[in-house]
Amino acid sequence: MLSDKILKLSALVFTKLLYVNYILLFLLICIFCIGFTLLYSAGGGSMEPWASKQLIRFIISLGIYFIVSIINIRYWLGLSYYIYFLSLVLLILVNFYGNTGMGSQRWLNLGLFNLQPSELIKFSLVLVLARYFHADKELSFFNNLKNFIYPIFLIMIPAYLIFIQPDLGSSLILIIASLTILFIIGLSIWFFIGSTLLVIIFAPFAWIFLLYDYQKNRVLTFLDPLRDPLGSGYHIIQSKIALGSGGLFGKGFMNGSQSHLNFIPEMQTDFIFTLLAEEFGMLGTIVLLSLFIILIFYSLIIGLICKSRFACFLAIGVSVNIFYYVFINTSMVTGLIPVVGVPLPLVSYGGTSMMCVMFGMGLVSNAYINKNKDLPRYKDGLLGW
Amino acid sequence: MYNEKKIKNKIIRRVLILGSFKLLIFSVIISRLYKLQVIDRQKYKTLANNNRINLVLHAATRGKILDSAGNIIASNRKVFALTITPFLINNINIIISDIKELIDISDKEIILFYSKLEGLEKSDVPISLKEYLSWSELSIISVNKPNLPGIDIRVSSIREYNRGSYYSHIVGYTSNVFNQNIHTNKVGKFTAGKVGIEKIYDSYLRGTPGTEQIEVNAQGNYVRRLSLKESQEGNNIQLTINSQLQNYTHKRIGSNTGAALIIDATNGNILSSASSPSYDPNIFSKTLNTTEWKKISTSPKAPLINRPINGLYPPGSTFKPVVALAALKYGIIKKTDKIFCNGIYTLGNRNFHCWNKRGHGKVNLTEAISQSCDVYFYEIALRLGIEKISDTAKQLGFGSYYDEFFGVSKSIIPSKKWKKNNFNKKWQKGETLNVGIGQGFLLSTPLELAMMTANLINGGKVTIPSIIKSLPGDTIKQETINKNKNFEKEHLEVIKKGMFNVVNSIKGTAWKSRSIDKKFHISGKTGTSQVRIISVKERAEGIIKNKDLPFNKRDHALFIGFAPYKKPKYIAVVVLEHAGGGSSKAAPVGRDLLIASRKIIEGIDTKIPVS
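Quick note, the sequences are listed as chains A and B, same order.
Using the numbering used here, read the first sequence as starting at 1 and increasing by one per residue.
Using the numbering used here, read the second sequence as starting at 1 and increasing by one per residue.
The hints are simulated quantities; they were obtained by calculation from the structure and are not laboratory data.
Just to be clear, a hint being listed does not mean it is correct.
[Claimed, not checked] In silico SDA-like pairs for lysine to any residue, Cα to Cα no more than 20 Å straight-line:
| no. | chain 1 | residue 1 | chain 2 | residue 2 |
| --- | --- | --- | --- | --- |
| 1 | B | K416 | B | S400 |
| 2 | A | K373 | B | I7 |
| 3 | A | K307 | B | K6 |
Kindly generate the complete structure, drawing on both the sequences and the hints.
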């Protein structure tokens, strides 16, 4: 009897695994391989200290990807709020017990690995927004003020918690990504025009009252990197030198002088794109960017072909988040925007970011598997399923 | 009821807008990458190389300076310094106290060390703690080196002048100049010539520094060597100076202040050139200490001045042959014409005195030269006028700037125009009389007196001085001795005869400095130049004797001489500051120098009368 059940379950899992989106998986593995190669180079041609750890994390993340993919989408619909609240609790905890990095509390030390709740919340927010708007019938923001206020709260609470860490960059990214999702869902264009105006009006006050000196410095240094070439401008200048000196085809694997001679601090994390650019040139950067573009647009398309709104919003939301990761990281290292601590998904060294991204991609894959499935609306109650 | 399809369409529209927005963003990023990686790549490649490549210069071994026989005058010596590499040491204070137990380290050196250490606490650049280790210190450190991590011995080379002060004015000296690498602020120590041959021929002696490109990391620490171009040793320079003669010249001047020159009469080569007092050039090779420098630079006898080429003296009677030659040239007087000297020459209401109060009686030109009769020269100078005298002087080499002797001071050969330019006053006739006896505004360097002598006695050939015997890669001045077309040979012979009589006639002023060797007759002209004005009152009461005057008011003693008479080989010029009479003080020195030249170069002794 029992063996029958196990057999049935494994058959189910196996059939589900057949439906898992392997194009997505292929793209993810390609991107990871680029990152792995770079970490190997960054370690001075060695698996230590970064490449081997990253490989283990990726293998674990692959497990997450498959599990998230094959779990029935109804469970995700039901679990959305739990996951969101769990993330919020972690965010609150990090403000008390977190480990400090770059002047703010960002990590929870969970023994095996460090957890960065601000990464996790990006995807749980996608879940919760998808869930919320899935349940709403008309997706109207004008007729129903609730539709306006609830999501704003869902977004602003974690954004505030991240802001007081303090991590202005991540908090802004969270807001912008969520607003982008709201835009897709149908929030009026006028809302965006209005809030842009508000931002412009309040920016000077924010500059005076809300920004820390180091943040002001980053913005000023972004505007003029030579203002402080050895201080906060150092990163931008050295990063541009590394990018530029790579040229079309790069200096060759393990030959990046800027990276290997320590001119770029933290090159294995947020600035790993410069290592790619230096060693593999424009060719390398275009290949990686193309992979990301395909990944992002492919996820968007998956979202569009989904029958249920929940699946649709999930895929689009994850795609939007990945887009902002890539956009902000590459613009930052090329000097287009100020230095903000954002990793390059799957390429930068770091556990939480990788697992969260793979979790998100798992949701996209899940949406793909359930693209034809109709999900009942669930109107009331947060924890109905 | 809501329209699901309508909502779906709206979502698709919005996704399309978002998609275009994403494409726009990515095209911005890619064009940015194109700008950085393709358009500006050369600029950033250069910047990346500037970041990682550090150019280190290695000083080349400086060329030697040799005398005419190839003996070394200036060479290089290896010196050893004790250095500490801060990067390799945890506690520098402990290491220093460890070293202090082994060798002597002064507090001054420690203070200097800490000032150099500032900002380099984690650098891998060795910083020197003690320079110029002695052999015993070197061996103590070498033995204990295994117990002293981060301690090293740095070998470098400094200039060594093993012949010391006798050559300091000719050769000059070197000192350290610092060459800063703009990218790394690392400072390289180099030696550069400051004065004399070391300075003029610095580009020959210096050689080509070696360049080493090393890769450094962001902390500036050494990673690996990229390329090395060995330094090329500098060229040697051989001088015309004869060391034995140079030494002798210096010894003969002794403690006198002054200058002495010996010149090869046939080609103008300088065989010896002494300036007294002198200094030890080696003190400049090491880090010069201030008290030593002060002592030298403020000494009243000015040891730093190279007197043979930079000392300006009134030539006194040594100038008389010039005036005599001018008189013959312009037909003012014939060699047989006589002028009566009663000891005083009156011009207007001023009296001009002859050095011999009783007068010389009737004298002709050769007698006037040999007895140095002032009245005779007052008379012919007045007849010539200042312009003719100064023209003749210039034709004999006065006032020429001899390139090779950088920093040669130009003599002052006064003329009407010169006075107008310098004093804005009209020329006075009395001033012509003063110039006639080599006084007044007239000033000359010993080198120019030597050249004048050469031009007078060489049978009408122009002589140019030279101190370089061989210089690699450069053709040395050809010994083309041009004919001096300004003078007639007979006139020059008359002057030469007069100078012969100075030494070899019993009434001659340098009679006591003659030789009795027929093959080596010494000729010349003495000079005693006044550095003060003798008042009428003093003349009436009796002129104060030289030795009773304060040192700096005493007369300069001068002698220009050559030998042998017929085909002169050597010319000697002696100027002794404030030494007294030329005939008693300078002439004996001149004679000795000429005789020594013959002895040293030809190995022949010369007989002189027993005094």
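Structure-based check of all given hints:
The hinted pair formed by K416(B) and S400(B) meets the criterion: a straight-line CA distance of about 19 Å does not exceed 20 Å. A C-alpha spacing of about 18 Å is found between K373(A) and I7(B), which places the hinted pair at or below 20 Å, so the restraint holds. The hinted pair formed by K307(A) and K6(B) meets the criterion: a straight-line CA distance of about 14 Å does not exceed 20 Å.
Checked against the numbered hints listed earlier, the structure breaks none of them; every hint is satisfied.
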